[in-house]
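2 protein chains.
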Amino acid sequence: MTAVAVGLPDSAALRAEVTAVLEGFLDGKAGGAAKLRMPAEVIECLRDLAGGGKRLRPLLCVTGWQAAGGSGTPEAVVRVAASLEMFHAFCLIHDDVMDDSGSRRGSPTVHRRLALHHGQGRGTVAAERVGASCAILIGDLALAWSGELLHAAGLTPAQLDAVLPLVDDMRSEVMYGQYLDVTTAGRPTTDVDQALRIARYKTAKYTIERPLHIGAALAGATPAVHEALSAYALPVGEAFQLRDDLLGVFGTPEVTGKPVLDDLREGKHTVLAALALQRADRNQRRDLRALLGSPSLDETEAAHLREVLTATGARSEVENMIHTRRTQALRALDAAPFPPAAIAHLRHLTGSALARTS
Amino acid sequence: MTAVAVGLPDSAALRAEVTAVLEGFLDGKAGGAAKLRMPAEVIECLRDLAGGGKRLRPLLCVTGWQAAGGSGTPEAVVRVAASLEMFHAFCLIHDDVMDDSGSRRGSPTVHRRLALHHGQGRGTVAAERVGASCAILIGDLALAWSGELLHAAGLTPAQLDAVLPLVDDMRSEVMYGQYLDVTTAGRPTTDVDQALRIARYKTAKYTIERPLHIGAALAGATPAVHEALSAYALPVGEAFQLRDDLLGVFGTPEVTGKPVLDDLREGKHTVLAALALQRADRNQRRDLRALLGSPSLDETEAAHLREVLTATGARSEVENMIHTRRTQALRALDAAPFPPAAIAHLRHLTGSALARTS
Chain A
324 MTAVAVGLPD SAALRAEVTA VLEGFLDGKA GGAAKLRMPA EVIECLRDLA GGGKRLRPLL
384 CVTGWQAAGG SGTPEAVVRV AASLEMFHAF CLIHDDVMDD SGSRRGSPTV HRRLALHHGQ
444 GRGTVAAERV GASCAILIGD LALAWSGELL HAAGLTPAQL DAVLPLVDDM RSEVMYGQYL
504 DVTTAGRPTT DVDQALRIAR YKTAKYTIER PLHIGAALAG ATPAVHEALS AYALPVGEAF
564 QLRDDLLGVF GTPEVTGKPV LDDLREGKHT VLAALALQRA DRNQRRDLRA LLGSPSLDET
624 EAAHLREVLT ATGARSEVEN MIHTRRTQAL RALDAAPFPP AAIAHLRHLT GSALARTS
Chain B
324 MTAVAVGLPD SAALRAEVTA VLEGFLDGKA GGAAKLRMPA EVIECLRDLA GGGKRLRPLL
384 CVTGWQAAGG SGTPEAVVRV AASLEMFHAF CLIHDDVMDD SGSRRGSPTV HRRLALHHGQ
444 GRGTVAAERV GASCAILIGD LALAWSGELL HAAGLTPAQL DAVLPLVDDM RSEVMYGQYL
504 DVTTAGRPTT DVDQALRIAR YKTAKYTIER PLHIGAALAG ATPAVHEALS AYALPVGEAF
564 QLRDDLLGVF GTPEVTGKPV LDDLREGKHT VLAALALQRA DRNQRRDLRA LLGSPSLDET
624 EAAHLREVLT ATGARSEVEN MIHTRRTQAL RALDAAPFPP AAIAHLRHLT GSALARTS
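Quick note, the sequences are listed as chains A and B, same order.
In short: position in the first sequence from 1, add 323, done, that's my numbering.
In short: position in the second sequence from 1, add 323, done, that's my numbering.
What the hints contain is simulated information worked out from the structure, not anything from laboratory work.
You may find that some hints are simply not true.
Which copy? The list can't say, so a pair holds if one copy fits it or any two copies do.
No farther apart than 20 Å at their CA atoms in a straight line, the calculated lysine to aspartate or glutamate pairs in the EDC-like style are these [unchecked claim]: (1) Lys358 <-> Glu640; (2) Lys377 <-> Asp333; (3) Lys352 <-> Asp604; (4) Lys358 <-> Asp610; (5) Lys358 <-> Asp514; (6) Lys377 <-> Glu346; (7) Lys358 <-> Asp491; (8) Lys352 <-> Glu340; (9) Lys352 <-> Asp492; (10) Lys377 <-> Glu340; (11) Lys358 <-> Asp492; (12) Lys352 <-> Glu364; (13) Lys352 <-> Asp491.
Just chain A, same shape as in the assembly:
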C-alpha cells in the first residue's frame, strides 16, 4: 500500500484515459443503482477514491505491455490497467477499516464518511458499526467490479486465459501480505526475513511485479520476459517499501502528508524495527519493546525512538538495503530483453521512486 512518486514520460495521457474508463464504468453503475433505488453514496465514495491516486499500477501495466513488445496503448490494455486501479480502491477501503484510519488522500476515509452519513438517530458505537459495515461492502463491490472491468475489457480468449491466473495470484499475494502485516502489528520481533516477506507480498509483488506481468501477458510475453520483469520488480518493490518505512518514521509530515507518529504507534513489524531489535543493547531493547506500538506514544517518546533506531545502526542499514536493491534492479534492466523505451521508463521510475521524500 505504499505511495510512490511516478514520472513516466507519457504518463499524463494514460492517467487521463484510465480516469475516463473508471468514470464511464461508475456512471453505468450509478444508472443501474438509481434504478434499483440503491443509495447514491456507494458510487460517490468509489468515484471520489478512484478519481485520485498516482495511477502507478496502471502505468506499470502499460509498461509491462510495452516491455513484452506491445505497441501503443490499445483500449483493452487501458481497461485492464483501470481494473487494477479499481482493485487498489478495494485494498485501500478495507485497509482503512482494518487500521481505523481517519483520512486518505486528504479526505475522510470511506468508513468515517459513512458513519457520519448514517449517524443520524444512532449512537456513536452504532454509527461506527454501520460505517465500518458499509465500507466493508463498498470494498467488496470494488473487488467484484475490478473483476467486471477485466471481464469486459474486450480481451481475446487467449489474453483472458493468460491474464486471469496472474490477477488471481496478485489478489492472493496482497491479501497474504496484509494478513501477515495485521497479525504481526504491535509486536515486532527480530525476524528480518518475516519483515521482508511482508514487504515482498504487500508491496513488491502487488504494486510492481504483478502489474508489469499482467501488462506483459496481454502482449503474449515469453517466460523469459516474465522472469526479467521479476528480476527488476522484486528488488525495486522491496526498496520502495523500505523507503516508505523510513519516511513513516523519519519523514516530514508536511511533505509526506502523513501524521508521523502513526507508524510508530501501530508498531508494524518492519525491517527497520526488526534490525533495531536485533542490534539493540539491553536498555535500547527495553525502550523499543515499551514504545513501538504504544497507542499513546507522544512526541518526546517518538523522538527517543528515532534516536534508538538511528543509534542501533538500523536506519543506516535500511539505507544500505535500499541502495543494494536499487543497484540490483538497475543491473537487471541492463540485461533485460525489453525494447529500449520500456527500459528507459523503468529506469526513470526507479530513480524518482527511490529518492522520493513523500
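Once you have looked at the hints, place chain B on chain A.
Using the frame of chain A, we list chain B on its own:
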C-alpha cells in the same frame, strides 16, 4: 443469507463432489501457504466453513444446467458449483463481522475464533480488532478464490463468456442487498417495497435465481430458459426470505438453532416489520418503535412484540404473501420449457423449502 432445507433427488452425490473440489482446492492453497510461511489458520477457517452447509446454491446450479438441457453433471459444472459455495463462504464471513455474530453452523465465527487465536499479549479491544481484520482478509480471500475456482474450472471460452457477466451480476446484487440491509437495520419503516427489495437482492436473486442462471448458461441456455428460471426463482426466493423472517421471530430456537431474540434485537427492516408498522394503532406503533432494534430486548418484551406483530395482522399477511409466491412459482414451472426431471427437482425444492421449520 437464508438457510433453507433442501432435498433434491440425487443431492447426496453432488454434495460429496462439491466438497471434494473445495477440499482439493484448499489442499493446494495450504501447500502454497506453507511455502510462503503463511499461518495455517487461514486455510483451516475456510476448510471448516466450506466443509459445512446444505450446498443449496451448487444444487441449484446443477439443476439450472439440467433445466437448460445439459445432461449429467460434468466436472466443469461441479467446479463452477463449488465456486458458488466458496463465494458463499465469503458472504458468511463478512456478514458475521458486520453483525458481530458469535456463532455460525454451531462453531465460533471466524472473527471470534481469530480474536482468540491472536489474543495472547493483546488487550480485549486490540484482540477484537485483529480478529475482525483477519476475518475481513479471509473473506476477501474467499471472494478472490471463488473467482479462481471459476477461472480454473475448465470451461470453454464460450462458457466462460456466458457465465462471467452472470457471476458479476450475482456479486453486485448480493452486496447491494446487504448494503440496504445494513443501512436500514435498527430503524425499520412502513416501506414494504424497500423490504421486498432487500429480500429480492440478498436472497431471491443471490440464493435462487443466479445459481440457476449460471448453471443454465453453461449449457448454452436461450433467453427464454433464463426468463422461465427467473419466473420461478424470484417468487420462490422472496417466499424463502419471508419464511426466514417469520422463523426468526416466531421459530423455536431448538429447531432453528438460532437465538430467537437476535432478529428482533437487530431490528432488521423486514416485510413483517414494515407491515406491522403500517397497520399498528398508536400504542402498537409506539411499542414497535421502542422495542424493534432494542439491543437489550428481554424475553417479556419479545413476547409482547410477537403479540403486536400478530395482532396487527402482519404475521398472517406475510403467510399470505408466502402462499401467493409459492403458487406463482409453481405456475411458472407448469409453463416452463425445462425437461421433466428439472421441473420435478424444482417442485420438490419449493415444497420442502417453504414448509420448513428451521
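Is it within a copy, between copies, both, or neither that the alpha carbon of Lys352 lies no farther than 20 Å from that of Asp492? Classified as between: cross-chain Cα gap 11 Å, same-chain 27 Å, threshold 20 Å.
Within a copy, between copies, both or neither: where do Lys352 and Glu364 come within 20 Å Cα-Cα? within (12 Å within a copy, 36 Å between copies)
From the Cα coordinates, with 20 Å as the cut-off, is the pair Lys358 and Glu640 best called within, between, both, or neither? neither (57 Å within a copy, 28 Å between copies)
What label fits Lys377 with Asp333 when the C-alpha limit is 20 Å: within, between, both, or neither? Within. Shortest intra-copy distance 13 Å satisfies the 20 Å Cα cut-off; inter-copy 54 Å does not.
Indicate which option fits the pair Lys358, Asp610 if close means a Cα-Cα distance not exceeding 20 Å: within, between, both or neither. neither (58 Å within a copy, 34 Å between copies)
For the identical chains here, do Lys352 and Asp491 meet the 20 Å Cα criterion within one copy, between copies, both, or neither? between (24 Å within a copy, 12 Å between copies)
Status of Glu340 relative to Lys352 across identical chains (alpha carbons, at most 20 Å): For Lys352 and Glu340, only the intra-copy Cα distance (19 Å) is at most 20 Å; the inter-copy one is 37 Å.
One pair to classify: Lys358 and Asp491, alpha carbons no more than 20 Å apart. Within, between, both, or neither? Cα proximity of Lys358 and Asp491: across copies only (18 Å, versus 32 Å in one copy).
Pop the pair Lys358 and Asp492 into one bin, within, between, both or neither, using alpha-carbon distances up to 20 Å. For Lys358 and Asp492, only the inter-copy Cα distance (15 Å) is at most 20 Å; the intra-copy one is 35 Å.
Intra- versus inter-subunit Cα pairing at 20 Å for Lys377 with Glu340: Result: close within a single copy only, 13 Å intra versus 46 Å inter.
Checking Lys352 and Asp604: alpha-carbon separation at most 20 Å within a copy, between copies, both or neither? Neither way: Lys352 and Asp604 sit 58 Å apart in one copy and 41 Å across, limit 20 Å.
What label fits Lys358 with Asp514 when the C-alpha limit is 20 Å: within, between, both, or neither? between (53 Å within a copy, 17 Å between copies)
The structure fails hints 1, 3 and 4 (numbered hints given earlier, in ascending order).
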